[in-house]
Amino acid sequence: MSHVSIRHGWKAVALVGVMSLGLAACGNGSSSGEGGDSGGELKIGASLPLTGDFSEPGSAAKQGYEVWQTLTNEGDGLLGKKVDLVIKDDASNQNTIVSDYNALISQDNVDLLLGTFSSLLNLPASSVAEKNRMLYVEPAGGSPDMFNRGYKYLFFAQQATADKQGLVFADWVKNLPADQRPKTAAYPTLDDPFAAPNVDGIRQVLEGAGIKTVYKTTYAIDTKNYDSIVAAMKSANPDLVVHGATFEDGVGLTRAMLKSGWTPKMFYETSTPSFADQYSKAVGEENTEGVMYAVSYTPEADTPGNKEFVAQYKKMFGTDIPPEDAADAYAAAQVMQAAVEAVGSIDDQLALADWLRDHPVDTILGQLSWDDTGAPQSDFLIGQWQNGTAEVVLPPDVATADPEVGWHPGS
Amino acid sequence: MTELVQTIVLSLLVGGIYALVASGLTLIFGVMRVINIAHGAFLILGAFISYTVWNQLGLDPLVGVVITTPIVFGLGWLIYRLLVRPIRHAPMSSTVLLTFGLALVLEGLMGEIWGNDSHSVRPSYVDSSFHVGGVFLPKAQVYGGVLAVVVLGVLWLILTKTWLGRAIRAAAANPASAQLVGIKVTSVAAVVFGLGVAAAGAGGAITGVLYPFLPGSHYLWIARLLAIVVLGGLGSIEGAVVSALIFGFAETVTAVYVSPAWATAVPYAIVFAVLLIRPQGLLGTRLRDDAVTA
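Chains as they are written, first to last, in the numbering used here: chain U, 33 to 443; chain C, 6 to 299.
It is possible that some hints are incorrect.
Below, simulated DMTMM-like cross-link-like pairs (lysine to aspartate or glutamate); rule was C-alpha separation at most 20 Å, straight line [claimed, not checked]:
{"hint": "1", "chain 1": "C", "residue 1": "Lys144", "chain 2": "U", "residue 2": "Glu318"}
{"hint": "2", "chain 1": "U", "residue 1": "Lys313", "chain 2": "C", "residue 2": "Asp122"}
{"hint": "3", "chain 1": "U", "residue 1": "Lys346", "chain 2": "U", "residue 2": "Glu332"}
{"hint": "4", "chain 1": "U", "residue 1": "Lys346", "chain 2": "C", "residue 2": "Asp122"}
{"hint": "5", "chain 1": "U", "residue 1": "Lys266", "chain 2": "C", "residue 2": "Glu8"}
{"hint": "6", "chain 1": "U", "residue 1": "Lys313", "chain 2": "C", "residue 2": "Asp65"}
None of these hints come from the bench; they were simulated from the model.
The following block holds chain C by itself, in its conformation from the complex (with noise of 0.2 Å):
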């Protein structure tokens, strides 16, 4: 009873990191239709620049957020600027290879930046737990989680009583009628790619205390997180986090009852169950589009 629970609460702690990453990737594809293969670089960025306020700065690098998420989200608004919104309308193919070479140069930069080679971040509390009964929960993983919900709670906040969030979920719903009733929508998607690489940002922060990581880890991330805003749904922020602790839970409990081995094979044997019986994801919404190509 107590492997069980202690595996339960786990693999929500890991769930809820992966759903504040993923957060970010489907809002950017909700409001803009670009599958962001950069969000991967954007989460180690999160975790350099946390690194380097957490080393320079000595802060906490789980408080130190509040200093990387601005620095993320001012270069995914400048990015969208420069790079996405020219070819924004362009096939989908092209936003994909144009995020795919944003991941290479960013991942160049990090290298040129900060070097090669693993970093860690070792706050005092990162080999510690609380225990509870027979249950250990690794501080590192409570505080993460715990911020990875207030990061969550305050982007739902901002979608869903800002006049932002409004106008955000607006040009999602159908931006030719958002643009009608005074909405720039191009201004809302360059904020919307901000918020979306943020939660990266701040995602970063927190696995940056709980793995090593350098500037290639992001090809690690980017597969998991493509396969939690699918099996959410994509464009559902909802989705994506019922999405993200099915799939820490699904790790979690494989590892534990069946074998470390198929850990990371058996999430995505559920996306692919899932997508059988539901196409758009659990809770994605089919489109005119899937219907007619149905």
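Just chain U, with the same shape it has in the complex (with noise of 0.2 Å):
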């Protein structure tokens, strides 16, 4: 009999430690604080993909925000009180979502909210935040549906909403000289409110401009296959691709022109180039050269503490190339601090709201400031692939290569 429970229980104990370690990986909530009562403490919650599908962005966005979090304490802190984190996995699930933002606000008793990731997530996260009255400075989520609900604490702290993303890139195109300028464009484009609002932004430009539209589709998330969506372009030859991405898809489409041995003369995606190393590895470096992309940030961006930013991921995270993504969430919570700072208080967020619809915010983005929606204001920067590093080549005046005409994979 004691044999039969000796072997139970070690299996008892191998079961419980792999749980463990799976759910401490799963990074089920974590705060680098005690809990509870914050005392000298402001104590700041954010739900983040951390796993699933959004756990690439989400887990950069945790790298932001805890770098702005050491900024922060290192210097004098918000309002002269350490700050405290709480960040909670959502699992890149809308239900989770909605659960966690709750727990922040009922049982953390967090001061404080901040923004997660993707359109998707931040639909129904922003929700809660409205419904208990806080401030909710969001790093992504640009998706138009988002300012249109006619809610007063939502900020997008980004430069566009994603419908004027590509607008920089459209009018750059609609501009070429006539014998560069392309007479036909596809647009490919993944089932999702950020992706899908892009890619109609830069065709309504391009139509208007003359531009012909020979093929359009929208296809879901959890495609596979892009070879069929690949040999329907390949029939329609267009001069130009404008494919709506996140990353996998991304990847999948550029491979899938590459084996079919077409490949168009100008190719814009959005998102998915912006992934620095992890795009060039993914297509190789070889087949970036002038693919062209909406981006947010740049690293060599003259921003107000865009150096410390940089500087100090480096330290904490080994690499001064930070992600879009990373970067993206420091400046929401510079936003953030910035309404906090100017209104010396957190009693009222409708206030901090305010501030924030009426004055500009330096940030390492650059300037942003908002319309009474929370929606951005700003030109988006557009990125190019060139000889194997990403360069921001639009608008003129932040750029730090001039753009080239055409896509040349194998170069």
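Put the complex together from the two separate chains, hints included.
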């Protein structure tokens, strides 16, 4: 009998051990503080997709928030208090994120909130913040649908909403000399509240400029086979492909084009090419030359606090090329910090929101300002891969290189 | 005509890889009546191990399947002994819950080991194709498809030509009788679980070459795999193979001739329609329990 008990005992220990490791690895809520009474600390809560489909940007966002926490605490803190981040893992799930933000407010008793990643998750999370009358600055979530709900506490800490992020690119294409300007274009896009409006915004401008749409389609998030989309595009043979993508689908479509032996003269893609070396490793550095994309941040930017951010990021995470998503999260925290410091109190968070509506804020992404809905009012940056490096090529006043016409895979 | 041939060839290549991964899932169910929700996580684990083998040893990821598969087999065997076996005779909902928890644990561990960023395996042939007439055959898909057929063939040989295979089939058909004739059903089940997840691991080595992956990618696989094995008939490897080819064909044809927007929905509609006519799936066997319920 004792033999049986021992056998079951070590299995139970092993099971508990493995489960504990897994749960720890899943990051099911972490805080650098003790919790409960915040005392001399300000507790700031966020739930991020640290596991699941959006774990990649979610993990980068966590890094951005942690860099901001470190730099703030090394300085004067916020309102003279140290900041304590409480970060939960929503597992990229819309239901979990609602319970996470409710728990942050009612159980963790956080003083302030920061947003999560993707429009898909920010849509429900921002509703929780609005209902609880708490300021909600989001580092991502550029879908226009975010800002047509009449919310008062929501602010997007990037330069423009998704439908406007490609407009600088579209204007540049529209104004190219006639012999360089594409005559036809294709618009495949992921069915996603961020990617689809981004592509639609560009299409409307280019169609208005007489660039004929020869192919347009939307595909589901679990699409694995991009060969058929490429086969259809190959038949239509557009000069320009504008692809609404996140990451895996962006790599999948690019690889499918390369495999088919057909590539367009120009190639613009949302999000995917902004993933620095992850992108160049995935599609091959030799295939990146000339690919264009919208981007909110460049590590070389001469913006307030950027040098400190890059240096601290390197110190904490070992590279001086922070991912765009980490920078966006840092900027969201900067926006929240600016409002809190200007108002001098967090008791009335509508006052924080009103202040943001009336004042621009300097961030590492540049100066941000918002309309009454919390939608940002600036120009997005346009990046281009040149000689294996991601450069900012538009607008001219912040460009690190001149834009070049054409995608040249294999060069 | 060229477009149709191209479509059929691409669908067969995709379907062959689906078949390999789904065969492991249906094998586990056939012998143990365990629906392994962690199967997609084992696939991604196979992709990560393959990535490490390719990155550290410089070995072609498809050749590296000879390293990846035994590692995943060993892990599967161990997990069965530690976690699945104690609740094997519990209601099916318990094993579903356990394997779902296992998927989350594996995802978390993979995130700790390899990070939550996207990984890609790029052997030299990844962007090139064979061109036959007007048809292009992506080399990575062709090699992956051939490897899937080879692994499936080895699995078939094990199941039909070896004593172990006979023991597995006997344990699947009637565990009590198998026990009576001297087959250690528990040991057989451990090997089956190992073989099942090893098939997923081999599939991961192939899909890792075809698509970028991160620990959370397993969610995108498990729904598709479950639909394939249900369409084929739970427990039927032949059914899983036929069903996987139908799935790949339906996805590809819909994307080309209807719209990519419907490409992932149409195969599920087919599953729904088939189950209305044949609730046991294409090649599944109707069990006494099903007849009683019906």
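Here's how the hints hold up against the structure:
1. C:Lys144 with U:Glu318: Distance of about 19 Å is within 20 Å: holds.
2. U:Lys313 with C:Asp122: Judged against 20 Å, a Cα distance of about 12 Å means the pair holds.
3. U:Lys346 with U:Glu332: Given that 20 Å is the threshold and the Cα spacing comes to 14 Å, the pair holds.
4. U:Lys346 with C:Asp122: This hinted pair holds, its Cα atoms lying about 17 Å apart.
5. U:Lys266 with C:Glu8: Given pair U:Lys266, C:Glu8 holds - Cα atoms ~11 Å apart, limit 20 Å.
6. U:Lys313 with C:Asp65: 16 Å, holds
In summary, this structure violates none of the numbered hints.
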